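Number of protein chains: 2
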Amino acid sequence: MNKTDVLECRDKTESYLSQSLLPFWLERMEDPVYGGFITHFDEFGADSGEDNKSLISQTRSIYTLASAHRAGYGGSKCADMAKSGIEFLIDKMWDNDYGGFYWMTDRSGKVIKNDKVLYGHSFAIYCLSEYTIMSNDPIGLEYAEKTFNLIQNHCYEPQYGGYLEMFGRSWDLAGPGRAGGDRKTLDVHMHLMEAFTCLYECSQKDYHKRKLVEIIKLLIDKVLHPEYGTGIPQFSSDWKQVPQIKFDIIWGWDRYRDGEQKANPSDNTCYGHNAEFAWLLIHALKILKYEISDYRNVLIRIFEHTVNNGIDSKYGGVFVEGPHMGGVYDTEKEFWQQAEVLIGMLDAYIITDDPKYWQAYKNVFDFTFDKVINHNVGEWWPLLTREGEPIWRHMGHAWKTNYHTVRSMIQSIERLNRIIEKIN
Amino acid sequence: MNKTDVLECRDKTESYLSQSLLPFWLERMEDPVYGGFITHFDEFGADSGEDNKSLISQTRSIYTLASAHRAGYGGSKCADMAKSGIEFLIDKMWDNDYGGFYWMTDRSGKVIKNDKVLYGHSFAIYCLSEYTIMSNDPIGLEYAEKTFNLIQNHCYEPQYGGYLEMFGRSWDLAGPGRAGGDRKTLDVHMHLMEAFTCLYECSQKDYHKRKLVEIIKLLIDKVLHPEYGTGIPQFSSDWKQVPQIKFDIIWGWDRYRDGEQKANPSDNTCYGHNAEFAWLLIHALKILKYEISDYRNVLIRIFEHTVNNGIDSKYGGVFVEGPHMGGVYDTEKEFWQQAEVLIGMLDAYIITDDPKYWQAYKNVFDFTFDKVINHNVGEWWPLLTREGEPIWRHMGHAWKTNYHTVRSMIQSIERLNRIIEKIN
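Quick note, the sequences are listed as chains A and B, same order.
When you line the first sequence up against the working numbering, it's residues 2 to 425, in that order.
When you line the second sequence up against the working numbering, it's residues 2 to 425, in that order.
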């Protein structure tokens, strides 16, 4: 790899982001009638008409807009749209009686699912904090702190540490099993780390810092496999690994087979989550002003596992998941895993200078730009065969929005620029 | 019983409270050097010199002073002393780094035990709320709410409901067993009900109300014996009854034998706690404006059990504890159980009109005034033989202060006045 390779990736990413990906969303996501964002688009970019606004779709959209403006994209349009998204979120989705955000409204903002789901609240904290960082408007931080306090109040589980995840409207814990009330997951705890990082960056409050440090320790001590250092998806509330089951409330078409169990429910790790965890951890350490070198072993084990098992050297891109000790179970390609591994591999290259990570990045970069991006409209196919043929074809939905794709491009550019600077 | 009997009890209680019991404390509890309260007194009322100020001794003293002033006793002296107690509590015992109150300081206010113990925090909420109700000084409610939020943040356990109880300075949960980190107790949850009642009375906030309603339901559903309706002392965090063990941090010389286990650790109920729970529940229902009649069965079972098993018809007074199904294990007499059963039996009489409760009250009243009160100085002997001979002889200590005794007299007078009014 030489400087030209890096410049080419940077320029290609930048022009795609500003000329194709961001415009896809800026042109169609505003709801002119009810406010908030429409995120349901078919493969042609047409509104599919699905009548819901999920907490995830609204918060992720706000995050995307605020982070894009902060990174210098979209002019005032991103900032204005973020502000109007915040208004919808607070006016329509905040529960004035019990606190917290409802899980789902219809397009008009009428509540259609009033459960309190921790996953959605992590994105609320994330986007509200990012919005205040971007705008200096204090209302973001005000609601981010309210939300943070509510989840400490209602979800924090002091006996074994960590958070329970599924609640009813009045924050009564959901039942066990598929209702999810007796489970703790990598997914939620990793996104809480992401949210607490942004909250602490915004507030600089000690209490937020302590809870961030606590959840980092928990993720490393409990969620990573003791032998392989890879992420374990699902636990009982006392952090015993349990076979992955599908919950009633979901936020992704996770790769469950018939019978709604994984083929290998007790030995599964997801390359996209692992790489996302690693780069989010590096980012958290930077915000904390902690030394990354103190966490080097944790990070390298994950990056090695990703390169050795998750990258498809034949067709390019990142597989879905495989066993902790190595190998692959599911060779299809999900959009968001490509997005997260791009950032992860750049971080791996930056902290190690090992060219194999650049090669892995370039592999996923090429697969993404060749196969994953639907260049007719600018967004990404959600799921593809190993070879790169689209399986699902929608561009946006209740949870597939612009968060993974836009963030991946913004974060990649920032890292590519650092690499270019270092070569100079 | 006739009106004269009631008047006699009322007058005797009132003159004892105002001329003997309150003066005992008002004359000697102020620490002129360091502020806060000295609560270590021997049988002659002399300062025993023990060099500590416990969170319980300070908060209970503030509660006593504030509640006495609110009830019209002590003139401005109680109000002034409560205010100076609040200052010591906030200046010396509040942890500015992690929030919450330290467990123990020396007399000068230097921290000597920095653990965070939920039991002590329930008394903090109780006294801070009572202080604001008495004075309209907002600082009480401010710190009561801060404390309430901290315990929701750190101690609330959403999986099985209720609160974990023992924490280190930074609110890290204590270990299992004797460290107490895996236990839930009647004692703490009952005092949280008491504290949340006073907080809600002061704040009138919905969130405080909801948590009060929640803990009442929990006490009734989990802490009361499913068959006998009597209080079970100790549970694992999933509310399975476990044999009573003595914790490392204690707030009473509870009646453990050698080996620090109860003789009957799995079948023990305490008459004083049962009666205290019942009258505190009635009080909470009043503050909530709930119908007492909806809880009549719960209350009557406890009051019946107390009368049938806890009252010593031979020597007078209340035994320590016995089996849930009836009978007695420990026939000695603890001061605080007399204090709480006095209030409980008056409430039982008021809601049932059954003269057996008046007789039980009168029995304990006579035993208390004849045997338990150390009339030489005005406070109560802490522990007596069944016959009424003092076993322990101190008047005050780190946890035996004026809370049970003064409150019992104030609450008794209020109830006796209601009974007198009804007879008229």
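Hints listed in this document are in silico derivations from the structure and should not be mistaken for laboratory results.
Just so we're clear, the structure is a prediction, and the values are computed from it rather than from any experiment.
By construction, the Cβ of each residue, glycine as well, lies at the ideal position given by its N, Cα and C atoms.
Treat the hints with care, since some could be wrong.
Looking from chain B toward chain A, a few residues come up when the C-beta cut is under 8 Å (computed) [what the hints assert, rightly or not]:
#1 Gln153
#2 Asp183
#3 Trp240
#4 Gln242
Consistency of the hints with the structure:
1. Gln153: Hint on Gln153 of chain B: holds, closest Cβ of chain A at ~4 Å, below 8 Å.
2. Asp183: holds, 7 Å
3. Trp240: violated, 12 Å
4. Gln242: violated, 18 Å
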